[in-house]
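Participant: Using the hints provided, position chain B relative to the given structure of chain A.
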Amino acid sequence: EPEVTQTPSHQVTQMGQEVILRCVPISNHLYFYWYRQILGQKVEFLVSFYNNEISEKSEIFDDQFSVERPDGSNFTLKIRSTKLEDSAMYFCASSGALRRSYEQYFGPGTRLTVT
Amino acid sequence: GDSVTQMEGPVTLSEEAFLTINCTYTATGYPSLFWYVQYPGEGLQLLLKATKADDKGSNKGFEATYRKETTSFHLEKGSVQVSDSAVYFCALSPRANQAGTALIFGKGTTLSVSS
Chain A
4 EPEVTQTPSH QVTQMGQEVI LRCVPISNHL YFYWYRQILG QKVEFLVSFY NNEISEKSEI
64 FDDQFSVERP DGSNFTLKIR STKLEDSAMY FCASSGALRR SYEQYFGPGT RLTVT
Chain B
409 GDSVTQMEGP VTLSEEAFLT INCTYTATGY PSLFWYVQYP GEGLQLLLKA TKADDKGSNK
469 GFEATYRKET TSFHLEKGSV QVSDSAVYFC ALSPRANQAG TALIFGKGTT LSVSS
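Top line first, the protein sequences correspond to chains A and B. Mapping to the working numbering: the first sequence position 75 is 78, numbers consecutive. Mapping to the working numbering: the second sequence position 59 is 467, numbers consecutive.
Hints may be right or wrong, so weigh each one.
Claimed, not checked - With a straight-line cut-off of 27 Å between C-alpha atoms, the simulated DSSO-like cross-links for lysine-lysine are:
1. B:LYS460 x A:LYS45
2. B:LYS464 x A:LYS60
3. B:LYS476 x A:LYS45
4. B:LYS515 x A:LYS81
5. B:LYS515 x A:LYS86
6. A:LYS45 x A:LYS81
7. B:LYS468 x A:LYS45
8. B:LYS464 x A:LYS45
Calculated from the structure, these hints are not laboratory results.
Chain A on its own, in the form it takes in the complex (with noise of 0.2 Å):
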C-alpha cells in the first residue's frame, strides 16, 4: 500500500542553524501539507502545497519557513533558523484531489530537537 515517508527520522540542530526536513508523499497525490506537534500540544497545521504553490498556512509559518517541491517526488519543509521552540514531531500529509480522495495521509514524522 502506498504511504509517505520522511526523513530523517530524528534531527538533532542547534539553534541558528538551518534544517531541511523531507517528505516524499503518496506519487499521484496532488495536495501536500506539513504539520507539527510540540510535546504535549495539539498537533497543528503548518502549511498546504498545491501546483507548486503556498495553498494555505497559518500564523506559525512565518518568514523563517518554507516548502519546496525540488523534484517530481520530493516535497521539503526549511526552517531558515532554529529556534529551541520549533524542536517538535513535524508531519508530512498528501492527498489526492478528486472528490472523494480528499483523506489526508501522513508520514511517520521527524522528530526535530534544537539544542
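Facilitator: Then chain B, alone, in the frame of chain A:
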C-alpha cells in the same frame, strides 16, 4: 476560531473492556469530523470519519456519531484488544469536501490495553 477538545489521557484498560474517548468541537459552519490513530513508530492513520450531523463513522470495531446538538464526536469500542494500544486524535476539517483544507486536531489520547 475552530477547535477540538478531547479527554486527557492516558486511558488504561484491560482487554475486552469498553472504551470511550470523548471529543467535542467548536466550529462555524458544517465541518467534517475524523478520528486518527497513531501506532508506535508510525504515522497518523485515518480511523473513521463523518461528514454531516447524525452520520456514524465506523471501522475495525470503533464507532463515532456526529452529534451537532452536543457538538461531540465520541469514539467508542465495545471490546478493546491489546493491539488497540495507540494514540487517538480527534480532528475536524472546517470546509468539508474541499481538497487542501487544514485539519484541526485535538491533543491526542493515549490508550494502553493490557491482557
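Participant: If a hint holds in the structure, say so; if it does not, say that too.
Facilitator: Against the structure, the hints come out as follows:
1. B:LYS460 x A:LYS45: Roughly 24 Å separates the two Cα atoms, so the pair holds.
2. B:LYS464 x A:LYS60: Cα-Cα ~31 Å, so violated.
3. B:LYS476 x A:LYS45: holds, 23 Å
4. B:LYS515 x A:LYS81: It holds: about 25 Å lies between the C-alpha atoms, which stays within 27 Å.
5. B:LYS515 x A:LYS86: holds, 23 Å
6. A:LYS45 x A:LYS81: Holds. LYS45 of chain A to LYS81 of chain A sits at ~21 Å (cutoff 27 Å).
7. B:LYS468 x A:LYS45: holds, 25 Å
8. B:LYS464 x A:LYS45: Given pair LYS464 of chain B, LYS45 of chain A holds - Cα atoms ~25 Å apart, limit 27 Å.
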